[in-house]
Amino acid sequence: MTRRGVLGIRINHPAQLVVVAYGVAIFTGTGLLMLPIATQAPGGSGALTALFTSTSAMCVTGLIVVDTPTYWSGFGQAVILGLIQLGGFGIMTLASLAAVVISHRLGLRSRMLAQAETGGIDLGDVRRIIAGVAVFTVAFEVAAAVGLTISFWIGHDEPFLRAVWLGGFHAVSAFNNAGFALFSDNLIGFVTDPVVTIVIAVAVIFGGLGFPVWLELRREPGRPQRWSLHTKITVSATALLLVVGTVAVLAFEWGNPSTLGPLDAPGKALAAFFTGTMPRTAGFNTVDIATTYEPTQLLTILLMFIGGGSASTAGGIKVTTIALIGYMVWAELRGDPDVSRYGRRIPPTAQRQALSVAIIGLGALFTANVLLLGFSPFGLADTLFEATSAFGTVGLSTGITPLLDGPSQGVIIVLMFVGRVGTLTLGTALVLREQERLFRFPEERPLVG
Amino acid sequence: MARRGVLGIRNDRPARVLVGLFALVLVVGTAALMLPFASRAEGGTSLLVALFTAMSAVTVTGLTVVDTFDHWTGFGQVVLLVLFQLGGLGIVTLASLAGVVVSRRIGLRGRRVAQLESGGLDLGDVRRVLRGVITLALSIEAVLFVALTSLFWLRTGSSLGRAVELGAFHAISVFNNAGFSLFPDSLAPFQTDLLVCAVVAAGVVAGAVGFPVLADLRARPRRPRRWSLHTKLTLTVTAVVLAGGALVLLVFEWTNPATIGELDTSSKVLAASFNATMRTAGFSTIDFGAANETTQLATTISMFIGGGSVSAAGGIKVTTLALLVLAVWSEFRGDEDVSAFGRRIPTGSVRQAVAVTLSGTVILIGGTFLLLATNGFPLAETLFETTSAFGIVGLSAGITPQLDDPGRIVLIVLMALGRLGPLTVGTALILRERDRLYRFPEERPFIG
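Chains as they are written, first to last, in this note's numbering: chain A, 17 to 465; chain B, 41 to 488.
Note that these hints are calculated values from the structure, not bench results.
Warning: the hint list may mix true and false statements.
To be verified - Footprint (simulated), chain A over chain B, 3 or more residues, beta carbon under 8 angstroms:
| no. | region |
| --- | --- |
| 1 | 70-83 |
| 2 | 357-368 |
| 3 | 372-379 |
| 4 | 390-400 |
Note that CB positions come from ideal geometry on N, CA and C, so glycine has one too.
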């Protein structure tokens with residue numbers, strides 16, 4: 017049953033397409049970064065460093081083993097920028113395409129239902145999706161770049177051209193939720209600068225909502241009641257997580273002399289908002305993560321694991337996944353036979369898919385942790401933070417990444433790749449595997465709890 | 041609609057009865073432990089230490105802030121013994137009673153199903169349930185008592201009277217998965233003693249699989265095919281978790297001189313298997329505080345999973361885990377139904393499993409946050425301790441005695457929630473199942 021889909025590519029399994037595309041891009045990027053002109057020091061970088069940086073950029077993670085501004089030359093930085101843009105754009109279009117494929121597939125069985133279900137996305141028109149993603153991307157990035165450039169130019173006395181380069185790089189890095197910065201201390205120097213931090217935080221939040229949500233927000237900006245279930249869940253869960261992150265960071269770090277302690281109250285609020293936003297899932301930091309208290313780190317780990325919206329540049333298991341699991345528990349506690357939210361019933365198969373994505377994510381994270389604990393001399397708090405940051409394609413670090421040995425770096429590389437393409441391909445593959453039942457076994461209920 | 045049922049207890053609120061009885065036993069136990077002649081120290085025991093110990097005993101956890109043998113007198117030890125016997129046996133009988141109530145509530149068809157699931161226990165008859173559970177528990181404890189008494193008598197060179205004391209205390213502690221021990225380093229002196237280890241491990245596993253399984257096994261010992269789905273799932277997952285835990289322990293501790301590194305190969309295997317089995321009970325022959333962090337992490341996870349339903353063991357229960365794994369598995373296969381061993385598992389059960397797991401995770405993370413904030417121990421050890429309390433296990437990475445008062449209170453609350461939480465939640469969930477009067481239209485958000 018070989019069906020040819022768009023662009024002549026077999027997208028019977030969109031999963032394969034995603035994996036192959038990302039693999040090819042990462043290896044091309046590695047090759048470019050290994051060129052002698054990519055580094056500032058003569059002789060070029062080692063293969064592992066190049067592979068790590070390429071994967072980190074392509075998977076829009078932001079974990080680094082070498083300092084971006086001092087190690088890579090202008091060419092190397094441009095390559096990284098290109099990879100970030102390609103990685104972010106790629107995941108948004110591929111995820112949106114996968115959604116269309118899924119809708120088609122479901123539509124074969126029940127056309128009316130599929131159209132009702134996918135509401136926000138026009139079926140079939142691949143070019144419109146690519147163009148739409150491109151338009152949104154350019155619009156957001158240009159807006160962010162202008163704001164940042166002006167701030168760097170006027171507020172921080174950078175020469176104009178350098179301000180444009182810095183503004184452009186950080187705008188792309190922020191919108192694609194990458195977290196690469198051209199400052200050796202990331203954004204710690206801008207902790208109390210409201211323009212830079214708020215522009216970057218807003219770009220990160222928008223990047224993390226996802227294409228299907230932008231479409232609907234633009235189409236029906238003032239009428240939330242007409243949004244699709246997906247948009248409602250994504251927007252409300254994102255808002256909730258942002259508030260929880262900000263308030264918790266503020267509460268935990270209020271008196272920490274290494275982070276929020278020395279700042280005045282508005283500065284504390286700003287830094288807490290930024291620090292609470294970045295785990296989902298950008299990886300910029302204005303305070304030194306290594307000096308935050310352990311409760312803050314644990315909270316950050318949870319937020320990084322949850323991540324952002326589907327078909328967005330953010331990573332993690334996605335807010336809709338965790339929301340569905342939350343609704344299941346809520347329905348169970350209320351004793352409802354159906355899981356419903358916002359006047360819509362969520363099919364049991366979708367619930368099981370959410371459960372699968374979450375559990376497989378936990379499994380990958382656990383396996384990587386065991387390996388990291390075995391290879392490296394660091395404690396559980398550090399390895400768990402680093403592994404979750406890689407899996408959620410976040411890029412926050414307590415500072416152990418540059419100190420990792422070869423095998424541990426390999427684990428992180430694999431984890432970034434799995435975190436980026438894994439959840440998407442898994443989610444897609446699971447939907448496409450739904451089968452009709454031919455027979456049923458008799459029911460039996462084991463005891464639970 | 042106050043229906044008076046068994047023992048004059050209101051039928052529709054089994055969870056409330058459970059909590060009430062539990063609190064009563066706890067208060068009496070704490071008061072008894074605070075009596076001056078319960079402790080060897082001058083002037084008795086402080087309220088918090090007594091409460092911690094009573095909670096640890098009645099929830100059959102086994103975490104201690106004071107050394108059981110050094111601190112408590114014979115009277116205090118008997119109080120502990122009574123508490124964990126009541127806690128262990130009480131909780132399973134009450135859980136069975138809750139099962140009776142549940143089966144009455146869910147109607148004739150449901151009751152037939154419930155009977156099928158509970159194996160030999162006829163849930164329709166309260167007296168037979170109670171008699172069955174108590175007879176089974178006492179007979180297994182009697183066997184353990186005889187075996188352990190003779191072993192302690194032969195191995196430790198103590199007098200027969202002392203051996204009887206040790207045997208009785210440990211037999212009850214073992215079967216109820218309590219983990220209290222009258223030796224200073226738990227069972228470390230018997231690290232290489234095959235017989236003691238085997239008897240204790242067997243007792244712990246018997247206590248941890250749960251009465252429905254024991255009853256099923258007793259009724260049909262040689263016909264595994266006719267066991268209930270519950271029994272099959274419980275035994276399979278228990279075996280997998282035990283084997284996995286032992287393997288991890290063996291591999292990661294092989295060269296650790298502080299744990300099993302200096303033993304010979306067969307003793308290494310024995311120690312690894314024994315300590316992996318203790319994930320519900322809390323006895324140990326190695327120092328988990330000195331273990332590799334990977335071992336601590338793996339042990340944390342197996343403690344969270346816990347034992348079988350309607351048993352003295354804690355955790356989210358092996359069947360809960362099994363249901364989650366089966367749900368993922370059927371998702372991968374693309375099956376519409378979740379099924380195992382030729383039986384379909386209702387969607388409601390899977391959702392209950394998710395609810396139990398997620399509420400457990402939330403409680404555990406909350407407790408870990410509080411313990412991290414109040415006591416600055418590393419994450420691995422903090423998580424180990426909170427999971428041990430929540431899973432009412434009693435293994436310790438060594439930080440419990442060093443905790444300050446707020447930290448101890450966190451563990452006390454975790455033990456209470458760990459003991460009562462999954463059971464009451466599970467029972468309450470079944471009782472709350474409602475019929476649907478209307479349905480919303482379906483809509484599917486994107487996932488992943």
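Now the hints, each set against the structure:
no., hint, verdict
1, 70-83, "violated (count 0)"
2, 357-368, "holds (count 9)"
3, 372-379, "holds (count 8)"
4, 390-400, "holds (count 9)"
Going down the numbered hints, you'll see the structure goes against just number 1.
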